[in-house]
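Visitor: Chain B: place on chain A using the hints.
There are 2 protein chains.
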Amino acid sequence: MEQISLECALETLLEKIQPLKNVEEKYILDSLGFVLAEDILSPLNNPPFNRSPLDGFTFNNTDTIGATKDNPIAFNVISEILAGDFCDKKNLSKEAFRIMTGAPIPDGCNCVIKQEDVIFNEETKTLYVDRELKPFENFCFLGEDLKIDDLVIKQGEIITYNHIGVLASLGINTIKVFKKPKVGVLSLGSELTMPGKDLEKGKIYNSNLFTIVSKLKYLGVDGIIFPPMCDDSVSVSNFISEELKNIDFLITTGGVSVGKKDIMHDVIKKLGANRLFWKINIQPGTPVLASEKDGKLILSLSGNPFASLVNFELLGRPVLSKLSSNAIKNTTLIEGVVRGGFNKKSSKRRFIRGYFRDGYIYLNDKKHSSGTISSLIGKNAIVEVLPGTPYLSEGDKVSVILID
Amino acid sequence: MEQISLECALETLLEKIQPLKNVEEKYILDSLGFVLAEDILSPLNNPPFNRSPLDGFTFNNTDTIGATKDNPIAFNVISEILAGDFCDKKNLSKEAFRIMTGAPIPDGCNCVIKQEDVIFNEETKTLYVDRELKPFENFCFLGEDLKIDDLVIKQGEIITYNHIGVLASLGINTIKVFKKPKVGVLSLGSELTMPGKDLEKGKIYNSNLFTIVSKLKYLGVDGIIFPPMCDDSVSVSNFISEELKNIDFLITTGGVSVGKKDIMHDVIKKLGANRLFWKINIQPGTPVLASEKDGKLILSLSGNPFASLVNFELLGRPVLSKLSSNAIKNTTLIEGVVRGGFNKKSSKRRFIRGYFRDGYIYLNDKKHSSGTISSLIGKNAIVEVLPGTPYLSEGDKVSVILID
Numbered sequence: 003m004e005q006i007s008l009e010c011a012l013e014t015l016l017e018k019i020q021p022l023k024n025v026e027e028k029y030i031l032d033s034l035g036f037v038l039a040e041d042i043l044s045p046l047n048n049p050p051f052n053r054s055p056l057d058g059f060t061f062n063n064t065d066t067i068g069a070t071k072d073n074p075i076a077f078n079v080i081s082e083i084l085a086g087d088f089c090d091k092k093n094l095s096k097e098a099f100r101i102m103t104g105a106p107i108p109d110g111c112n113c114v115i116k117q118e119d120v121i122f123n124e125e126t127k128t129l130y131v132d133r134e135l136k137p138f139e140n141f142c143f144l145g146e147d148l149k150i151d152d153l154v155i156k157q158g159e160i161i162t163y164n165h166i167g168v169l170a171s172l173g174i175n176t177i178k179v180f181k182k183p184k185v186g187v188l189s190l191g192s193e194l195t196m197p198g199k200d201l202e203k204g205k206i207y208n209s210n211l212f213t214i215v216s217k218l219k220y221l222g223v224d225g226i227i228f229p230p231m232c233d234d235s236v237s238v239s240n241f242i243s244e245e246l247k248n249i250d251f252l253i254t255t256g257g258v259s260v261g262k263k264d265i266m267h268d269v270i271k272k273l274g275a276n277r278l279f280w281k282i283n284i285q286p287g288t289p290v291l292a293s294e295k296d297g298k299l300i301l302s303l304s305g306n307p308f309a310s311l312v313n314f315e316l317l318g319r320p321v322l323s324k325l326s327s328n329a330i331k332n333t334t335l336i337e338g339v340v341r342g343g344f345n346k347k348s349s350k351r352r353f354i355r356g357y358f359r360d361g362y363i364y365l366n367d368k369k370h371s372s373g374t375i376s377s378l379i380g381k382n383a384i385v386e387v388l389p390g391t392p393y394l395s396e397g398d399k400v401s402v403i404l405i406d
Numbered sequence: 003m004e005q006i007s008l009e010c011a012l013e014t015l016l017e018k019i020q021p022l023k024n025v026e027e028k029y030i031l032d033s034l035g036f037v038l039a040e041d042i043l044s045p046l047n048n049p050p051f052n053r054s055p056l057d058g059f060t061f062n063n064t065d066t067i068g069a070t071k072d073n074p075i076a077f078n079v080i081s082e083i084l085a086g087d088f089c090d091k092k093n094l095s096k097e098a099f100r101i102m103t104g105a106p107i108p109d110g111c112n113c114v115i116k117q118e119d120v121i122f123n124e125e126t127k128t129l130y131v132d133r134e135l136k137p138f139e140n141f142c143f144l145g146e147d148l149k150i151d152d153l154v155i156k157q158g159e160i161i162t163y164n165h166i167g168v169l170a171s172l173g174i175n176t177i178k179v180f181k182k183p184k185v186g187v188l189s190l191g192s193e194l195t196m197p198g199k200d201l202e203k204g205k206i207y208n209s210n211l212f213t214i215v216s217k218l219k220y221l222g223v224d225g226i227i228f229p230p231m232c233d234d235s236v237s238v239s240n241f242i243s244e245e246l247k248n249i250d251f252l253i254t255t256g257g258v259s260v261g262k263k264d265i266m267h268d269v270i271k272k273l274g275a276n277r278l279f280w281k282i283n284i285q286p287g288t289p290v291l292a293s294e295k296d297g298k299l300i301l302s303l304s305g306n307p308f309a310s311l312v313n314f315e316l317l318g319r320p321v322l323s324k325l326s327s328n329a330i331k332n333t334t335l336i337e338g339v340v341r342g343g344f345n346k347k348s349s350k351r352r353f354i355r356g357y358f359r360d361g362y363i364y365l366n367d368k369k370h371s372s373g374t375i376s377s378l379i380g381k382n383a384i385v386e387v388l389p390g391t392p393y394l395s396e397g398d399k400v401s402v403i404l405i406d
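As they're listed, the protein sequences go chains A and B.
Residues 3 to 406 (the working numbering) make up the first sequence, in order.
Residues 3 to 406 (the working numbering) make up the second sequence, in order.
Some hints could be false.
[To be verified] To spell it out: a stretch of chain B is covered by chain A in this simulated footprint if at least three of its residues, at any positions, have a beta carbon under 8 Å from a beta carbon of chain A; those stretches are: (1) 44–52; (2) 188–196; (3) 210–221; (4) 378–390.
[What the hints assert, rightly or not] Partial chain A-side listing against chain B, Cβ under 7 Å, derived: (5) T103; (6) I160; (7) K219; (8) F279.
These are calculated hints, taken from the structure and not from any lab test.
C-beta: ideal position from N, C-alpha, C; glycine also.
Okay, chain A solo, but in the shape it has when bound (with noise of 0.2 Å):
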């Protein structure tokens, strides 16, 4: 079969899916990250009324014309409004109301003097005022920041902290959101041991299984972790066709390639799949198989652990964040000027690691080989190794993608 293209196979994905649209209510604090699934509305005025700024005096201003500081004009204070109070009392000329920062302003009042600059007497409730005010000075009107059956956000916008204080303004404690996608994770390898076991000769400990659940759960996904399973095609068949019923996608590692034990080719059969493609024109990842049975994809990465993530974060991303409406937050493709350098030729596309900052990407690492996981730390982007390239140099421009 022949190799496609990184592009090629990435269309041919999309196409295969829509973005979900089960939709769930959640509690403002647990939608953080979720993709909102209605246009919220203000329910109400916000502010609810008139409400003072500040610490002070409410009156009408028509009562401070002439105020001068030789000629204070008198007020009767009649009453105190806190926060929280409520005053349906009208007010009546040269009269006022002490009122305190976020109280209701009467009806009547429009402006609001600040406590410290007037004289007030607290035996007789006499208030002295040395100067003019204009109308609504210090003064918060009713619907100032939200009115009624305004659009507050829209649909498909992805919630931020921002919006859960906003949306707590508004009284609203539940929203409804886009459920996100169920993933399912599942590691092929008889070769492969759970971490925290003892390792038997000829074994390796299962990486790629944590690397992926990790970076879904970075991404704001809670995978679903398959227990492991050795190569024979038979049980994986029945358990993928049995788990892929509960699930949206589901990604496997391992058993794609040549050899042997090599038997997601023969699973896929058996499942009764559609196979879409195998094997594309990029270096590490190049046996990657993706297949599709009741509208469902699965996505079979390499089993090598560097080719493994590339295979995820080429193809796996972009599914999920479109499967979730952007919830889940594609890679990004930018430029970098490299530091360091790469000095393997190869005849395919290749996709190496490296760190990226400030337009920099740093090549420095020696450990490039795909069966090579630790020097995956510190490491936030893949670059692009143009095919024939004979090195990258300081300096080079190169097609960065960022996967942080």
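Guide: Same frame as chain A, now just chain B:
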């Protein structure tokens, strides 16, 4: 009391605290974002054996000396080694093993040839090799990724998805991390109504609690939500006195100004807490109050929505960052070039909201009032406006504090 500078306030807070050093053991998949409390040394050589990077045949390269297309050298293939197998047969002259990707290379073999590059007679188990191989061609060395006792991750590093894959590859399934700070959030004010409940006249919905707690969640901390309390200093101080024992840091909102309901001054007296400062020379958020009791900080934010956010970002986050050994990301100070503008002159150092991207800080918003909350949506930065600055114009360079 004199207003102190932001810098002085921050220094005062930070010198009162030390990074928390309580250690807990975590399953690696639950350790994302925690700070490692131990050095991780490799417990094994990884890979744990010499292994084949591909599907092919392995033998000793000296047996291929003189091999050419016209004069291929024949090997007797004595056995097959799959990934996960272990073969303790020693290689003899002109003997080869069929070997699959990831399988251990037997003693005496020192190279691997791809199965596509040879002729193999399945019947007679005869392999024909028509070129000379170099020693260690296609050969992955035991320990080439990591050797026993290599330092893999240093104490103090924040665990990322990359670390988790590497830890798994070494068989490590639990690690020691520092516990994250326990942060309590208490909002004060009899005007506050929890979202989801009906709003009585004169009341408003409690947004600060949700803004702060969702921000904490975004930063990786499950804040402890205390039930909002009314303006009664006795019950508030009793409550704090009890709950402070169980947390590392208390954030309160409201009750810090000079009004009748600004009970926090009284609360800290009743608590016997040590007041560190009250009022800083910025706007909004001037009346922030900080106190300390039994080595724990109480940071009492302004009750105004934007003011409380400014207080939290400028003072609360650095405290959290230090307490958590940087597991909680601090704000970042950078320079930005203004797009749009801001035209409110202030005698004080002022902070306004903005959106930062690619070096530019967008100040398009009209709604800068500190009581306005909806305009927080889409903002990721707060911008410093120096005292006396008449206005900020397109192209001005400003200090930007990234709050994402």
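Visitor: Looking back at the hints listed earlier, which ones does the structure fail to meet?
Guide: Hint check: 6 and 8 fail, others pass.
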